[in-house]
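Q: Chains as they are written, first to last, in this note's numbering: chain U, 1 to 348; chain E, 1 to 348; chain Y, 1 to 348; chain H, 1 to 348.
These aren't lab readings, by the way, just hints derived from the structure by calculation.
Do not take every clue at face value.
So the derived list for chain H, only partly shown, Cβ under 8 Å to chain E, looks like this [what the hints assert, rightly or not]:
no. : residue
1   : Q235
2   : Y238
3   : R262
4   : S266
5   : T267
6   : A268
7   : V271
8   : R272
9   : A338
Have a look at the derived ranges for each label pair, beta carbon to beta carbon [said to hold, decoys possible]:
no. : chain 1 : residue 1 : chain 2 : residue 2 : range
10  : E       : G91       : Y       : A64       : 49 to 59 Å
11  : Y       : K4        : E       : A40       : 23 to 33 Å
12  : H       : D190      : E       : E144      : 30 to 40 Å
13  : H       : K4        : U       : V168      : 37 to 47 Å
14  : U       : D108      : H       : R49       : 54 to 64 Å
Every value quoted in this text rests on a predicted model; they were computed, and no experiment measured them.
Every residue gets a Cβ at the ideal spot worked out from N, C-alpha and C, and that includes glycine.
Number of protein chains: 4
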Amino acid sequence: MKSKLNIGLIGAGRIGKVHGETIAFRVPEASLIAVTDPDAATAQAVAQRCGIPRVCATADEIFADKSIDAVLICSSTNTHADLAIQAALAGKHIFCEKPIDHTLEKIDLALETVTRHKVKMQVGFNRRFDANFARVREAIVSGEIGTPHLIHIISRDPGPPPISYVKVSGGMFLDMTIHDFDMARFLIGDEVTEVYASAGVRVDPEIGKAGDVDTAVILLRFANGVIGTIDNCRQAPYGYDQRVEVLGSKGSIATENVYPNRALVSTAESVRRDLPLNFFMERYLDSFEKELRAFVEAVLADKPTPVTAADGRVPVVMALAAKKSYLEGRPVKLSEVAAEASLETVSR
Amino acid sequence: MKSKLNIGLIGAGRIGKVHGETIAFRVPEASLIAVTDPDAATAQAVAQRCGIPRVCATADEIFADKSIDAVLICSSTNTHADLAIQAALAGKHIFCEKPIDHTLEKIDLALETVTRHKVKMQVGFNRRFDANFARVREAIVSGEIGTPHLIHIISRDPGPPPISYVKVSGGMFLDMTIHDFDMARFLIGDEVTEVYASAGVRVDPEIGKAGDVDTAVILLRFANGVIGTIDNCRQAPYGYDQRVEVLGSKGSIATENVYPNRALVSTAESVRRDLPLNFFMERYLDSFEKELRAFVEAVLADKPTPVTAADGRVPVVMALAAKKSYLEGRPVKLSEVAAEASLETVSR
Amino acid sequence: MKSKLNIGLIGAGRIGKVHGETIAFRVPEASLIAVTDPDAATAQAVAQRCGIPRVCATADEIFADKSIDAVLICSSTNTHADLAIQAALAGKHIFCEKPIDHTLEKIDLALETVTRHKVKMQVGFNRRFDANFARVREAIVSGEIGTPHLIHIISRDPGPPPISYVKVSGGMFLDMTIHDFDMARFLIGDEVTEVYASAGVRVDPEIGKAGDVDTAVILLRFANGVIGTIDNCRQAPYGYDQRVEVLGSKGSIATENVYPNRALVSTAESVRRDLPLNFFMERYLDSFEKELRAFVEAVLADKPTPVTAADGRVPVVMALAAKKSYLEGRPVKLSEVAAEASLETVSR
Amino acid sequence: MKSKLNIGLIGAGRIGKVHGETIAFRVPEASLIAVTDPDAATAQAVAQRCGIPRVCATADEIFADKSIDAVLICSSTNTHADLAIQAALAGKHIFCEKPIDHTLEKIDLALETVTRHKVKMQVGFNRRFDANFARVREAIVSGEIGTPHLIHIISRDPGPPPISYVKVSGGMFLDMTIHDFDMARFLIGDEVTEVYASAGVRVDPEIGKAGDVDTAVILLRFANGVIGTIDNCRQAPYGYDQRVEVLGSKGSIATENVYPNRALVSTAESVRRDLPLNFFMERYLDSFEKELRAFVEAVLADKPTPVTAADGRVPVVMALAAKKSYLEGRPVKLSEVAAEASLETVSR
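Could you put the whole structure together from the sequences, leaning on the hints where they help?
A: Structure follows, in structure tokens:
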């Protein structure tokens with residue numbers, strides 16, 4: 001077992017910078033060897049901040065560097081699958097931001113390549129590492145709440161992204177709900193077989209003109225009979241709203257939002273708290289660190305990654321099914337979208 | 001305007017006794033004149049407890065009593081519609097427990113008779129009078145949370161009723177969800193146009209054998225575009241679970257359960273509360289008083305009742321649609337179950 | 001054992017009306033036979049509201065009525081002790097509002113008379129019957145939190161009473177803290193031996209001019225070594241604040257305030273609740289009913305009352321000691337104010 | 001203004017390691033140049049972990065190193081004052097763990113030297129940087145709760161330290177309450193003039209035999225009339241309990257404990273949370289980072305440190321007064337312990 005993992009960072013934008021800093025400052029078992037970004041200045045800035053010795057003009061240089069063991073793919077979504085394939089061909093282990101791609105064809109090609117070349121791949125479903133959701137999973141695994149019957153996931157953004165982003169996002173189900181699809185199957189530990197999506201444009205008519213929705217409830221049916229809902233809205237005026245509740249045969253577990261402090265102010269108007277942590281960078285900061293630690297540890301110890309490539313594929317199937325359900329106004333089985341045989345079981 | 005309302009109590013079982021005591025001890029503007037029950041001893045006991053001067057052998061005697069202004073119909077469900085019709089024919093105002101009936105034919109006949117004979121009718125959707133749900137309604141009416149987008153209703157019983165009851169209950173949608181159907185349209189102030197029910201047998205296989213379900217999520221679509229869910233389970237191990245959450249354009253409002261005390265115990269094991277008030281008699285005690293006060297006041301002041309006969313009909317339509325949706329595995333429009341013309345708007 | 005207790009109501013002001021309605025409408029085991037009040041119209045109004053057959057010009061008429069078993073003394077404080085003495089002489093059982101008197105001399109005379117004439121006496125420390133404080137007591141008695149070490153009582157009014165009232169109130173310690181002194185010894189189940197009062201005028205300088213304080217912390221030392229604090233303020237801008245916390249060897253128990261509803265509103269400004277129930281009539285409504293039920297039951301069953309005459313005396317001793325402590329700026333032992341021999345143990 | 005601060009770390013034990021890692025991994029504006037510890041292996045381990053180039057045999061070597069701008073004094077308490085004096089003589093800026101010393105003589109000598117040699121000094125009252133307490137301070141400064149009237153500080157450890165530690169700790173007031181004394185004056189922004197300490201041995205008789213107490217309530221009187229309490233116990237069975245509440249003329253602010261997650265589990269037994277973060281390393285982790293950032297920033301920008309040397313002195317005066325109060329059973333003015341002239345005002 002190697003004692004230290006050499007990493008190349010592909011993409012130095014918002015999430016790339018976060019991952020770079022995490023590896024540089026908080027994961028002593030890994031070293032950043034090289035960084036690349038379409039914007040050279042961006043790559044240079046992250047290199048300086050994180051003490052990365054080498055700035056590469058292209059990802060190819062990173063793949064060619066024999067000293068690099070693994071790559072973090074933090075580039076734009078449409079490049080994820082291609083880069084993952086190239087990384088696999090170069091024998092690099094892969095940490096890839098979600099989603100792997102918006103089409104199953106490219107995802108399947110990437111997964112096949114990864115499998116064939118026996119590299120490890122972890123997909124960036126960081127919320128699995130959040131202390132709150134991890135606690136819910138623990139309650140289910142340990143039997144603390146018995147056999148799960150119902151699950152409700154609330155996932156609302158503080159405000160909608162720019163319309164320019166909405167247009168290339170792949171739609172709310174692929175862009176936003178995908179995290180919740182992953183959360184649903186991670187928590188319940190079983191696969192969803194059918195979805196029914198009820199959705200609309202409530203927040204901004206421009207989103208509707210762009211062919212997308214901004215508000216939705218997706219009803220899930222799991223193979224084991226559990227029924228679930230996902231509540232999505234592009235705008236929660238009070239901030240980022242991320243909660244889950246599971247009812248089981250012995251009890252329930254529900255998580256509240258996370259706040260910047262635990263102060264309660266009582267005045268002649270009300271008894272109040274400050275607003276919850278406002279967006280994912282604050283709310284999920286710890287989980288970004290934990291997912292990278294887990295990736296580094298998995299590669300070094302030659303263990304399975306905690307969020308496999310297959311785990312990156314299923315939520316895309318779910319999103320495509322949700323989209324079809326919304327457009328056709330009826331429940332849609334996942335097998336209508338992807339051959340059931342290719343739906344692997346949840347890996348944990 | 002009369003200063004005091006003379007009331008006849010029909011049915012002196014569990015809910016009849018509660019309503020009798022409320023009128024006797026807490027509503028000075030009304031007097032209980034007579035009581036009847038198929039079981040004479042039951043009628044006699046309530047008469048003694050509540051100081052009711054006359055015990056009648058049948059409801060007919062109550063209808064024939066010219067001194068009686070109004071009746072409380074607290075008998076078994078299958079008699080509600082017939083008794084309401086007889087009461088209307090006798091010119092008595094009617095407070096009727098929910099549901100009016102399990103069939104639209106009998107409900108429509110009752111409503112027609114009530115309308116023709118110009119008596120007032122109020123249906124026992126007591127939860128509208130609960131301080132928590134009333135506060136949610138207020139937040140919506142006042143604009144405190146803006147335009148509603150999403151509503152979630154959680155409604156779980158502490159444990160399932162006896163199988164003998166399940167068999168005559170009309171099914172969970174008509175027996176249990178009916179309160180939540182009323183709550184949904186009461187809070188949002190608009191009609192549901194389509195439902196999709198996902199349900200199963202999770203708690204007790206005997207319930208399944210009796211042809212019913214015990215766990216369900218019903219997805220609602222309102223005419224105004226609001227999307228809603230109702231979460232029902234016949235068994236919440238921690239007790240009676242009754243909550244609602246509404247997300248609007250300016251904010252959200254969510255109610256928690258009600259507890260017997262506000263004590264927090266911290267030990268080496270956990271930081272904990274006692275369980276919530278365990279069932280509807282405790283949880284909704286205040287609402288039973290408020291609904292009867294409202295009924296007495298409406299009759300005395302010749303004002304509309306706060307929960308009309310029409311309000312009693314729509315939730316039955318919703319329940320029938322939910323049942324159809326569950327059986328056919330597809331979203332069902334309410335217009336498939338009842339002619340749209342007969343779906344009156346919410347009265348409040 | 002008599003099956004029904006005949007009661008005379010002495011004083012039909014605010015608290016007299018509450019107690020009258022409770023007996024009339026909620027305690028079937030008792031009947032109101034007569035009422036008196038210095039203001040005849042007040043007495044008449046309560047008689048009509050509560051169906052009391054007889055309005056007496058004076059308390060003497062009530063004492064002379066052989067059909068009356070017990071009296072509720074709800075008159076002004078300065079008459080409590082004299083009326084209790086007269087009631088005892090007439091053989092009536094006594095429910096007396098707190099405090100019995102502001103001087104130990106009159107209290108001791110009343111207690112002696114009550115004891116000699118073997119009538120029961122209960123003092124109106126209603127908060128013992130509040131579900132929250134009762135739960136704290138239960139946690140201590142049951143050993144749920146082990147041996148108590150520390151107790152903190154928070155007791156703040158929404159706003160100060162009129163200055164005219166302050167002037168005749170006997171001072172904050174005798175008027176307001178007296179409830180908390182009772183609560184401290186009730187919860188801990190032991191006697192306080194020493195108090196140290198730190199106090200000031202923070203809310204209204206007029207209160208200071210009237211020779212009183214409006215803000216105080218009283219440090220308590222119990223015989224068993226428990227240390228306690230009472231936090232009093234005449235003005236909590238957010239309303240009536242009534243909480244307690246006890247730390248024991250196995251854990252702690254803390255009560256929160258009681259709110260009119262359990263709704264949480266989240267907007268762009270804050271996550272908030274409505275204000276707590278605003279004053280004692282709302283906050284302690286249930287406890288008023290429970291204390292009278294307990295009194296009626298104790299007399300009918302010839303059991304000790306749950307708050308004895310002695311329980312009415314000790315908090316006055318504590319208040320006098322607190323006042324002395326404040327004036328002299330030093331800890332004061334209760335034995336400096338009253339002979340220790342006369343400090344009876346807590347009765348429960 | 002220098003762009004980077006060179007730091008020497010004196011003492012590499014528990015807190016030294018925390019501060020070392022913070023500087024190494026989270027404060028890019030500072031560099032660790034050297035480390036020393038009486039135990040060479042300890043120093044070596046921290047040097048390796050934090051990438052510190054030089055391990056010194058003694059603090060003298062650090063003071064002699066011209067490249068070092070500032071020192072972190074993390075050694076045992078009895079060495080703090082002497083090291084601070086030496087550092088000042090060597091012209092090094094000082095971050096010193098609390099308390100500076102247990103005697104005013106040595107503290108005053110250290111402060112005088114620091115002042116004379118014009119080096120900056122910050123004392124390690126890290127809790128001021130905790131998000132919760134900072135929020136309380138903000139509420140007071142901003143006027144959100146008006147003029148403060150009352151403050152309550154709850155500060156309880158999960159369990160007592162070893163008796164060997166108790167014996168050299170200087171006693172609970174100097175060892176544990178000292179943080180709360182600082183918090184009281186920091187939050188209120190004014191000086192305490194008098195304390196009254198009520199204390200006892202409740203947790204472990206061995207602590208009593210060692211001449212110390214384990215449970216106490218200290219009543220504070222501020223110059224501006226605010227009344228406060230500090231509640232200390234060496235053992236809270238449910239874990240580390242760190243809360244504060246302030247009542248002001250316009251409202252109150254209260255902080256709750258911090259929990260490892262925001263999950264609520266409801267079962268047939270209770271509605272419960274996991275225990276709060278168990279001790280200061282978890283609870284105050286963020287504050288350790290913030291205080292060092294503030295120190296580095298203050299030195300680099302030549303601004304006053306946020307917790308001055310004088311701020312390190314006053315809590316010791318308060319602790320000595322509390323001890324005297326406890327021993328003599330009476331309120332003690334701080335001026336009895338230290339000449340009032342030397343009580344500087346709060347620096348912030």
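Q: Hint by hint, note whether the structure agrees.
A: Right, here's what the structure says about each hint:
no.: 1; hint: Q235; verdict: violated, 11 Å
no.: 2; hint: Y238; verdict: holds, 4 Å
no.: 3; hint: R262; verdict: violated, 12 Å
no.: 4; hint: S266; verdict: holds, 4 Å
no.: 5; hint: T267; verdict: holds, 6 Å
no.: 6; hint: A268; verdict: holds, 5 Å
no.: 7; hint: V271; verdict: holds, 4 Å
no.: 8; hint: R272; verdict: holds, 4 Å
no.: 9; hint: A338; verdict: violated, 38 Å
no.: 10; hint: E:G91 - Y:A64: 49 to 59 Å; verdict: holds, 52 Å
no.: 11; hint: Y:K4 - E:A40: 23 to 33 Å; verdict: holds, 26 Å
no.: 12; hint: H:D190 - E:E144: 30 to 40 Å; verdict: holds, 39 Å
no.: 13; hint: H:K4 - U:V168: 37 to 47 Å; verdict: holds, 42 Å
no.: 14; hint: U:D108 - H:R49: 54 to 64 Å; verdict: violated, 44 Å
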